[in-house]
Amino acid sequence: MSYLMAFIIGGILCVIGQLAMDLTKPGITPGHILVGFITGGAILSAVGLYQPLVDISGAGATIPLSGFGHSLAQGAIAGVKEKGLLGAFSGGVAATAAGITAAIVFGYLAAVIFNPKD
Amino acid sequence: MTAARKIGQQSVKFSNPPVISGWAAIVGPKEGQGPWAKDFDKILDDYLYGQSSWEKAENIILQETVQTAVAKAGLDTTEAELLLAGDLLNQIISANYAARELAIPFLGLYGACSTMAESLLLAAMMIDAGFFERVVAATCSHHYTAERQYRAPVEQGVQPSPSSQWTATASGAILVQPGGSGPRITCATIGKVVDMGVTDSANMGAAMAPAAGSTIKAHFEDTGRATDYYDLVVTGDLGAVGMNLASQSFIQQGLVPPPAYSDCGVLLYDGLPDIKAGASGCGCSAAMLCGPLLKKMSRGEINRLLFVATGALMSPTSTFQGESIPGIAHALAIENI
Amino acid sequence: MDEGKSEELKAAEKKEYQNLVNQVKPKPSVLANCLWAFVVGGLICVIAQMILNYLVSKGMSKSDAGSAVAVIMVFLGALLTGIGIYDKIGEKAGAGSIVPITGFSNVIVASALEFKREGYIFGVGARIFSIAGPTLLFGFTASVLIGLISYWFR
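So the sequences go chain by chain: A, B and C.
Residues 19 to 136 in this note's numbering are what the first sequence spells out, letter by letter.
Residues 57 to 393 in this note's numbering are what the second sequence spells out, letter by letter.
Residues 54 to 207 in this note's numbering are what the third sequence spells out, letter by letter.
Hints listed in this document are in silico derivations from the structure and should not be mistaken for laboratory results.
Heads up, some of the hints might be wrong.
[To be verified] Heads up, simulated DSSO-like pairs for lysine-lysine below, C-alpha to C-alpha not over 30 Å straight-line: (1) A:135 with B:94; (2) B:332 with C:145; (3) B:112 with B:351; (4) C:67 with A:135; (5) A:43 with B:112; (6) C:80 with B:332; (7) C:115 with A:99; (8) B:98 with A:135; (9) C:58 with B:273; (10) C:68 with B:98; (11) B:98 with A:43; (12) C:68 with B:273; (13) C:63 with B:273; (14) A:135 with B:62; (15) B:248 with A:135; (16) C:115 with A:43; (17) A:43 with C:68; (18) B:332 with C:58; (19) C:145 with A:43; (20) B:332 with C:68; (21) A:135 with C:141; (22) B:273 with C:67; (23) C:68 with B:112; (24) C:115 with B:332; (25) A:135 with C:68; (26) C:111 with A:43; (27) C:141 with C:169; (28) B:248 with C:58; (29) B:112 with B:94; (30) C:115 with A:101; (31) A:101 with C:68; (32) B:248 with C:145; (33) B:248 with C:68; (34) C:67 with B:248; (35) B:112 with C:141; (36) C:80 with A:43; (37) B:62 with C:145.
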């Protein structure tokens, strides 16, 4: 059951991204989509709308980049509870540190190992 | 005093039409799968062509195309007096580095994808004016060097728009001489920059089509030639969308759409699967001209060709700043006389 | 052809041309694109869910497992990009392969690979964030703003 919900919610989030590319003005690139999802996810999370999505679909809501925004927002809120004002700055990145660091390090390693293909 | 060889507003007529005495085209693997494979001088097996980067491969391809074109006219590369060349990359590095190795006196040009027509019409003028006797006009493009400069990294998963065109990996070179045997360049029309406000860089054909229309209209007005004078009118790289728009603009401007109108961007990959709107790039019109088109002319299958290479004169900077895409087109009448 | 035309006339001509372009331009097949995006995006999430369930079943805490899944998915995205498969998926799947975290990994690796030939500092190092950078910038900024607002209302 958890797989079905992950599939559906994850799929729907991707369809929203696809519609944003196909139906809005030309020139909406993957960069725009990523920025939109991370920011949108953070905002939805802050107003309490994203957590229910995570509860019902698990990875279906955390794996899309909006889930990354959700982690950033929840990290910042938790940080504020723990450390006050300093937590507003450290909480978000701390919650997403593993994913971001992995992306940078694997990106670098991939560049060392592979070459762009034709 | 009026210039003796200028006709009309923006055209020139050569008093002793210069001869296209040698030509060559080298293309990439994808272009080699198209319908014109047997008309090209060489088809690459891969995009790196034994080099360490795509940029290096591009300038080697240009070098070899120039050498082949000169050799096919029975001359040695050192006998060429002047090279007029350009490409799509920043500071036209492909042409610069090719010229470094070729050691032919060199003038670098930038006309984006119109460079084949720009270089050829300048070569013809220099020959007809009597400054030189052996001038090479050349240009090239490489899919992956252009892609990384103008669009996204190659390995990024991007869904191509249906109006997008594939930058051709191809190059063409032509040796122009005052006499000898071969098709002759009889007149040329220099285009104005035309910008109809298209900002979508995934729809370059639409951006360039008005420029092609403007130049073709001026050509017929200036020369007084009938619109059915040519066996074939061929635009550079408008692609399926741009060609459609150009045909419509011919109707709108009162030019009878010549039944023999086509576009190199549509022709180059004709029949290949999943090609979207077709081909683009300097090498697209250059390789079509220096491959199938001139071959057909030398066989007498085409006797009067109007070659209209089109260019989109934008840069990634102007695109990011929201500027629209200006287009240009130059026309050359190439005839068997 | 432009001589003597007023600015308004030129603007009207441009407008008319834009309309013509929009008529002639082939439209993306939105339905097919959405179907692809849905299936590929959904499958990526299912794979992540399988890894998540496995890690939790091995006794990992839910939040640690979540971070671990992010790392693994980023790794898979990087690997598929490196061996030249991810861009082929992206041609079909569109947003289905952009929106998941593997897509974030893809833009980072694609940028890094692309500029390898310009060296490791100003090539790979500087360009690795050319597309992911804006994402992090706005993500971090949103996070800090949300933190500040929650501090204000606490």
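Results for each hint:
1. A:135 with B:94: Cα-Cα ~27 Å, so holds.
2. B:332 with C:145: holds, 13 Å
3. B:112 with B:351: Satisfied, since the Cα-Cα distance of roughly 29 Å is no more than 30 Å.
4. C:67 with A:135: violated, 40 Å
5. A:43 with B:112: violated, 36 Å
6. C:80 with B:332: holds, 11 Å
7. C:115 with A:99: With Cα atoms ~21 Å apart, residue 115 of chain C and residue 99 of chain A stay inside 30 Å; holds.
8. B:98 with A:135: Judged against 30 Å, a Cα distance of about 22 Å means the pair holds.
9. C:58 with B:273: Cα-Cα ~18 Å, so holds.
10. C:68 with B:98: Roughly 44 Å between the alpha carbons, so the hint for residue 68 of chain C and residue 98 of chain B is violated.
11. B:98 with A:43: At roughly 41 Å apart (the allowed maximum being 30 Å), residue 43 of chain A and residue 98 of chain B break the hint.
12. C:68 with B:273: holds, 21 Å
13. C:63 with B:273: holds, 18 Å
14. A:135 with B:62: violated, 50 Å
15. B:248 with A:135: violated, 39 Å
16. C:115 with A:43: Cα-Cα ~40 Å, so violated.
17. A:43 with C:68: Answer holds: residue 43 of chain A to residue 68 of chain C is near 16 Å, not above 30 Å.
18. B:332 with C:58: violated, 36 Å
19. C:145 with A:43: holds, 20 Å
20. B:332 with C:68: holds, 25 Å
21. A:135 with C:141: Status holds; Cα separation ~11 Å.
22. B:273 with C:67: Roughly 18 Å between the alpha carbons, so the hint for residue 273 of chain B and residue 67 of chain C holds.
23. C:68 with B:112: With a Cα-Cα distance of about 42 Å, the restraint between residue 68 of chain C and residue 112 of chain B is violated, given a limit of 30 Å.
24. C:115 with B:332: violated, 46 Å
25. A:135 with C:68: Status violated; Cα separation ~41 Å.
26. C:111 with A:43: Distance of about 47 Å is beyond 30 Å: violated.
27. C:141 with C:169: holds, 21 Å
28. B:248 with C:58: Satisfied, since the Cα-Cα distance of roughly 16 Å is no more than 30 Å.
29. B:112 with B:94: At roughly 26 Å apart (the allowed maximum being 30 Å), residue 94 of chain B and residue 112 of chain B satisfy the hint.
30. C:115 with A:101: holds, 23 Å
31. A:101 with C:68: Violated - the C-alpha atoms of residue 68 of chain C and residue 101 of chain A are around 56 Å apart, more than 30 Å.
32. B:248 with C:145: The given pair, whose Cα atoms are some 39 Å apart, is violated under the 30 Å limit.
33. B:248 with C:68: holds, 20 Å
34. C:67 with B:248: holds, 16 Å
35. B:112 with C:141: holds, 25 Å
36. C:80 with A:43: Holds, because 12 Å separates the two Cα atoms, which is no more than 30 Å.
37. B:62 with C:145: violated, 52 Å
Hint violations for this structure: numbers 4, 5, 10, 11, 14, 15, 16, 18, 23, 24, 25, 26, 31, 32, 37, all remaining hints satisfied.
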